[in-house]
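Trainee: Build the full structure now, drawing on both the sequences and the hints.
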Amino acid sequence: MLSYIVKRIVLVIPVVFFISIVVFYIIQLPPGDYVSNYSAQMMKMGDVMTDADKAEMRSALGLDRPVYEQYAIWMKKIFTKGDFGFSFNYNKPVTEVIKQYMGLTLVVSLVSMFFQYLVAIPVGIYTAVKQYSIGDYVFSGISFLGMATPHFLLAIILMFLSYTWFGDPLLGLFSQEYVNAPWSWDKVQDLAKHMVIPVIIIGLAGTADMIRVMRGQMLDELNKPYVLTARAKGLSEGKILLKYPTRAAMNPIVSTLGWSLTNIFTGSTITAIVLNLQIQGPVMFNALLGQDMYLAGTWLLFMALLTVLGTLISDILLAWLDPKIRTEFRGT
Amino acid sequence: MARSKNPNGIQGNVTMKIIPGLRKNRVQDVRSAAKQDVEYSSQWKLIYKRFKKHKLARISMIVLGLLYFGAIFAQFIAPYSLESYDSKYVNAPPMTIRFVDADGKFHIQPFVYGLKSARDPETMRKIFQSDPEVRYKLQLFVKAEPYKFLGLFKTDIHLFGVEQPGRLFMFGTDSMGRDLFSRIILGSQISLSIPLVGVGISFVLGILIGGVSGYFGGWLDSFIQRIIEIIRSFPTIPLWMALSAAIPPRIPVVTMYFYIVIILALIGWTDLARVVRGKFFSLKNEDYVLAAKISGVSDSKIIVRHLLPGFLSYLIVATTLAIPAMILGETTMSFLGLGIRSPATSWGVLLQEAQKIENVSLYPWKLIPLGSVIVAVMAFNFMGDGLRDAADPYKR
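The listed protein sequences correspond, in order, to chains S and P.
Per the working numbering: the first sequence = residues 1 to 332.
Per the working numbering: the second sequence = residues 1001 to 1396.
To be clear, the hints were calculated from the coordinates, so they are not data collected in a lab.
Keep in mind that the hints are not guaranteed to be accurate.
Here are the in silico distance ranges between beta carbons for each label pair [what the hints assert, rightly or not]:
no., chain 1, residue 1, chain 2, residue 2, range
1, P, S1222, S, M45, 52 to 58 Å
2, P, K1049, S, F17, 36 to 42 Å
3, S, D168, P, A1118, 27 to 33 Å
4, S, D168, P, S1222, 55 to 61 Å
5, S, A40, P, T1255, 52 to 58 Å
6, S, M45, P, T1255, 27 to 33 Å
7, P, S1282, S, G141, 31 to 37 Å
Even for Gly, the Cβ is constructed at its ideal location relative to N, Cα and C.
Mentor: Shown next as structure tokens:
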């Protein structure tokens, strides 16, 4: 098992290296750079930048060097100082911008994930036990709808409903008066209220998928002889259900934990843009559009790393749960 | 990640000629015997038979057929063209097509009421009310704006419309007074064709690269697998956003279209390549492939004649199931303003107007394009499910 884990981790290193190169290439792709964007904005405000001004700004920001040199400098700073560069938009180091938004991003993501498991597992069990009942059809229908509707539009519909029912579209994560207020019990309550819609939206996509998996697994397990044996020995139905088939059926759900967290993290981006949440999504969207390249690059790198890590965790969990995979890996 | 074992068995050039006559006779024997005693069905016939039993999948196929029919003949079906707008009818609500008028009189020919505009006394916002005094009859094959039918010849006949000077807004209008129904139909041309083209590119790339990887194995396989791993470690949505942000603004619609297709296909092909590779690995050790090799059949012929038919059905299923994600991808990109831009339109572009909560609460009909997205995605999902069940020979 240990050698498997070590091998998997060693495999990650070259992948991460290539990812960082590709990321840097992608953020260079848009036509123009931060300086040309900045000067265009200045133009709108009536301030004209001369070519000399631009050249000076470029050399100050290090944008006049060849791309590979910029990349090398970026990498060197990350490894030696943990410095991910400077965000031009925020006029702050990238790490500080990310720190500023990371707390709430994590809160929203973790609550969404919790919501996902809390809903998907019981519903999956229910739809499997009561297969072909009305409840099964209703939940299956909802989960299909959840997969087919683009999340951002679901967000709009929920905001609309909240607006018509409660007179408040619950935009953002805080009410106006709490945005800059220090933390207090009222602020937490306000946050909780505003998190209902984002959590439902972000969690729903994964939930729909998870319900299908859980239902399929449960149906497989329920028909196995050990269930019959347990029943023959006179165990109560509830005990049979929770003690054996549920535990076996949870395997694929538990082992994909790593993936689902990354999915929630990346999936929240668009929902956050539409709902105007103060988490990483909108910040990074603007960084991409405004050519704030180190911020956008760090974010892309971070997302890709999360995906790699998520896969790694899931692979290790899978190998831990299923000895077959361990031996197969050793074989190659 | 589980990987099947690389076979080091018989791979060299084992050439052995089988007596040609013997082989031919055998085949004929089996065929004629099959014809006499048992019913003989080809693989595709069996799949079709099983598919027919799946009710939801069949309905979905009909729905998709209608959607694509609508997209192909969009200019003919839509009463108005992409460019047509009318500042007099901004944000007009959907009209009802009626048979019975205000006096309770029944008309054989359906009609719509005219619209009269008024001001909301409280908010001073312009609102529209239907005017029972004015009736416009609905007509088939009316003459309206000229367009090119299927890009072949010029005509001005539209499937339906109302008599002049009436206007027909079945789904209402948008903030520029453009008919939403026409725009949904015209937008479906882009929204429904992008996933097809994208999946087509993924399909070809997936078969080629996955096939090479799976059939030859060795260092080539490891190399391709590493590349796929790297591409797959990019989270889809941020990568799409980053790449779309890189598309230069103010480029022709056609160029834009291909950029988006390529961005969507860039990730899509890796899934298919993995399916193909896995199937190649499991099939190339089968006895019948070994037999073909021993008989001196060339590599390319083994691939085309003996391996491809074995997993083509799986591949088609995987392709169908990849389409919904592409529809949603295009819609999302266009919705964020990173995809298709005006003057062209797609469902995502139409939904941009629903971005603001005020718009949705005042003019709820702007959510109608969402319906078409959901219908198309669900139909593809159900059809893919049905195909998957049908293509699996071990099911029931």
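Trainee: Which numbered conditions among the earlier hints are violated in the structure presented, ordered from lowest to highest?
Mentor: Hints 2, 5 not satisfied by this model.
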